[in-house]
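**Student:** Chains as they are written, first to last, in our numbering: chain A, 1 to 285; chain B, 1 to 262.
What the hints contain is simulated information worked out from the structure, not anything from laboratory work. Each residue gets a CB set at the ideal place from its N, CA and C atoms; glycine is no exception. Errors might be hidden in some of the hints.
Unchecked claim - Computed far set for chain A versus chain B, every beta-carbon distance over 10 Å:
1) 77
2) 98
3) 114
4) 122
5) 125
6) 127
7) 141
8) 172
9) 194
10) 204
11) 230
12) 244
13) 253
14) 276
Stated by the list, open to error - Here chain A is said to cover these stretches of chain B; the calculated rule only asks that three of the stretch's residues, wherever they fall, bring their Cβ under 8 Å from a Cβ of chain A:
15) 58 to 68
16) 168 to 177
17) 196 to 202
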Amino acid sequence: MNTSNKSLNLVDSANDFHKINSRETAISINNVEVSFSTPKGKFTAVKDISLDIKRGEIISLIGHSGCGKSTLMNTISGMVLPTSGEVIANDKVVKGPGPDRGIVFQNYSLLPWMSVYKNIFVAVDSVFKNKSTDEKHAIVNHYIEMVNLTSHKDKLPSQLSGGMKQRVAIARAFAINPSILLLDEPFGALDALTKGSMHIELLKLWNLDNRNKTIVMVTHDIEEAIFLSDKVVVMNNGPAATIKKIVDVNLERPRNKKAIAHDPEYIRIHDELLGLLFDKFSIED
Amino acid sequence: MNSFSLKNSISNALYFIGSMLVLIGLWQLVTILTKNEIPGPVATWQVFMELMSEPFYDRGPNDKGIGNQLVSSLIRVFSGFGAGSIVAIPLGLLMGSSKTGMKLLNPIVQILRPVSPLAWFPLGLLAFKAAEGATIFIIMITSLWPTLINTAFGVASIPDDHKNVGKAFGFSTWKYITKIMLPYSIPHIITGLRLSIGVAWMVIVAGEMLSGGVGIGFFVWDSWNALSLERILVAILIIGTVGLLLDKGFNALQNAFSYNQK
Numbered sequence: 001m002n003t004s005n006k007s008l009n010l011v012d013s014a015n016d017f018h019k020i021n022s023r024e025t026a027i028s029i030n031n032v033e034v035s036f037s038t039p040k041g042k043f044t045a046v047k048d049i050s051l052d053i054k055r056g057e058i059i060s061l062i063g064h065s066g067c068g069k070s071t072l073m074n075t076i077s078g079m080v081l082p083t084s085g086e087v088i089a090n091d092k093v094v095k096g097p098g099p100d101r102g103i104v105f106q107n108y109s110l111l112p113w114m115s116v117y118k119n120i121f122v123a124v125d126s127v128f129k130n131k132s133t134d135e136k137h138a139i140v141n142h143y144i145e146m147v148n149l150t151s152h153k154d155k156l157p158s159q160l161s162g163g164m165k166q167r168v169a170i171a172r173a174f175a176i177n178p179s180i181l182l183l184d185e186p187f188g189a190l191d192a193l194t195k196g197s198m199h200i201e202l203l204k205l206w207n208l209d210n211r212n213k214t215i216v217m218v219t220h221d222i223e224e225a226i227f228l229s230d231k232v233v234v235m236n237n238g239p240a241a242t243i244k245k246i247v248d249v250n251l252e253r254p255r256n257k258k259a260i261a262h263d264p265e266y267i268r269i270h271d272e273l274l275g276l277l278f279d280k281f282s283i284e285d
Numbered sequence: 001m002n003s004f005s006l007k008n009s010i011s012n013a014l015y016f017i018g019s020m021l022v023l024i025g026l027w028q029l030v031t032i033l034t035k036n037e038i039p040g041p042v043a044t045w046q047v048f049m050e051l052m053s054e055p056f057y058d059r060g061p062n063d064k065g066i067g068n069q070l071v072s073s074l075i076r077v078f079s080g081f082g083a084g085s086i087v088a089i090p091l092g093l094l095m096g097s098s099k100t101g102m103k104l105l106n107p108i109v110q111i112l113r114p115v116s117p118l119a120w121f122p123l124g125l126l127a128f129k130a131a132e133g134a135t136i137f138i139i140m141i142t143s144l145w146p147t148l149i150n151t152a153f154g155v156a157s158i159p160d161d162h163k164n165v166g167k168a169f170g171f172s173t174w175k176y177i178t179k180i181m182l183p184y185s186i187p188h189i190i191t192g193l194r195l196s197i198g199v200a201w202m203v204i205v206a207g208e209m210l211s212g213g214v215g216i217g218f219f220v221w222d223s224w225n226a227l228s229l230e231r232i233l234v235a236i237l238i239i240g241t242v243g244l245l246l247d248k249g250f251n252a253l254q255n256a257f258s259y260n261q262k
């Protein structure tokens, strides 16, 4: 590992606890099908989906637009209920959203009339009903500091950049201390530079919690998926999308954003994913 | 920035003065064309000064100063408007938040909304056995519809993004209402209130012509009976100015509550 990049290593430090603890199943998706009734008849978004996700794993769902990857993730969050089959999260059948599963929405979903601080506080206040007000304020301040927004905490979302809004949304999701974190194209709207630093921030938060949180992320960015994940789930094109292949990412953590690009295994996985996602690679193909 | 806004308000003031001069010019033209049958600005101004010299005199039930007339109209409008809003806002919240509520109540609203509020006057008389109650009643009916429709529309248009926050973080119903539903719909509610007070102020003149007694509408009718067109014109200008001020007031309220502009 490149020792000159100490700061990056620090935020993604090696931790054996993760390996010991990664046996238990956090999420189990069994034979799930989701269909919606539309004026044109039944529309099946995804079908025949079975997937086990272990505690502390980071999983990416990748596929082309409209392949139902967000729908699949929403069956874990409980925002969408499967038409058939079931999703078990933390040993309970998912019947709706719950505070054990934190969600970071695609478009941040911050409440525009509340400051950064209040946006996080209102979530913390709603989930931790038994904690004192002082404890809740301490939690909110802690996570605002964690994502480096302390100097912006009294601003409204409209005064923040896209990257800052996303950090608020991530802080809000972490603040309720869910064991499962669901990210729906969390960095899709960010520029490449901001995206890169957000990846590090996400891994930092994950490390600080002994890598105990299970993270499921929807993305269409291959590099992002490999850098962050333990497994990449590639979806077929919809409608009625299924899982095309599950690609294991056996790259040692901590991963270094700069060094990883030259790792032969990274290049192999990158090629494999490209091959799975695209049929054509140039206009001559 | 500051000198720009100063410049802007100076130019706005100049345009306003210009606009008033155009109005006075047209008015004078009408006076000349009608050979003084319609009183001109100068004659009206004299009557206005006369009326304003003692606005709050009270010489019995049918002879009160213009200030008294105006105040009693305003009290009536705000009583009716207040009562109407107290009914319209909660009903609007209910209508907007439930599809069943919307489907059930919307046809009723659509049938009753186009009815001239004056048509309710006899029913008001029957219910309250007094013209005063009946006038407030028609103002209440008037203020009902814009507020109800705007509130319902506001609540019904809460984006899924906002609703999802409530779902994802397990908001209680109370938290949802106070932290998502009301903050989102307050600008819509205030728009409704602004429209309501505007229509209510228009309807009060007609209502008071029917009810008699005291009020700016009665003052107009009384002046017609006394054949004083100057007094009618003074009343029209006062009604217009008060209406404008009411609208400006609610506009300021609207700006204070619109979170996007801060």
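**Student:** Would the non-interface assignment of residue 244(A) survive a Cβ cutoff of 10 Å against chain B?
**Tutor:** About 28 Å separates residue 244(A) from the closest Cβ of chain B, which puts it past 10 Å; holds.
**Student:** Given as covered by chain A, does the region 58 to 68 of chain B meet the bar of three residues or more with CB within less than 8 Å?
**Tutor:** Per the Cβ count (0), the hint is violated.
**Student:** For residue 122(A), is the shortest beta carbon distance to chain B beyond 10 Å?
**Tutor:** violated, 6 Å
**Student:** Regarding the assertion that residue 125(A) does not contact chain B, is the least Cβ-Cβ distance greater than 10 Å?
**Tutor:** Residue 125(A) is in fact no farther than 10 Å from some Cβ atom of chain B, at 8 Å.
**Student:** Within the region 168 to 177 of chain B, is the number of residues with a Cβ closer than 8 Å to a Cβ of chain A three or more?
**Tutor:** holds (count 6)
**Student:** Confirm or reject the statement that residue 141(A) sits farther than 10 Å, beta carbon to beta carbon, from all of chain B.
**Tutor:** holds, 18 Å
**Student:** Would you check whether the claim that residue 172(A) is not at the interface survives, using Cβ distances to chain B and the 10 Å cut-off?
**Tutor:** violated, 8 Å
**Student:** Taking a Cβ-to-Cβ distance below 8 Å as contact, does the region 196 to 202 of chain B have at least three residues touching chain A?
**Tutor:** violated (count 0)
**Student:** Does residue 230(A) clear chain B by more than 10 Å, comparing its Cβ with all Cβ atoms of that chain?
**Tutor:** For residue 230(A), whose nearest Cβ neighbour in chain B is about 24 Å away, the distance exceeds 10 Å, so it holds.
**Student:** Does residue 276(A) clear chain B by more than 10 Å, comparing its Cβ with all Cβ atoms of that chain?
**Tutor:** holds, 31 Å
**Student:** Regarding the assertion that residue 127(A) does not contact chain B, is the least Cβ-Cβ distance greater than 10 Å?
**Tutor:** Given a closest Cβ separation of 6 Å, the condition is violated.
**Student:** Beyond 10 Å on every Cβ pair: is that true for residue 204(A) relative to chain B?
**Tutor:** holds, 23 Å
Taken one by one, the earlier hints fail for this structure at numbers 1, 2, 3, 4, 5, 6, 8, 15 and 17, listed in ascending order.
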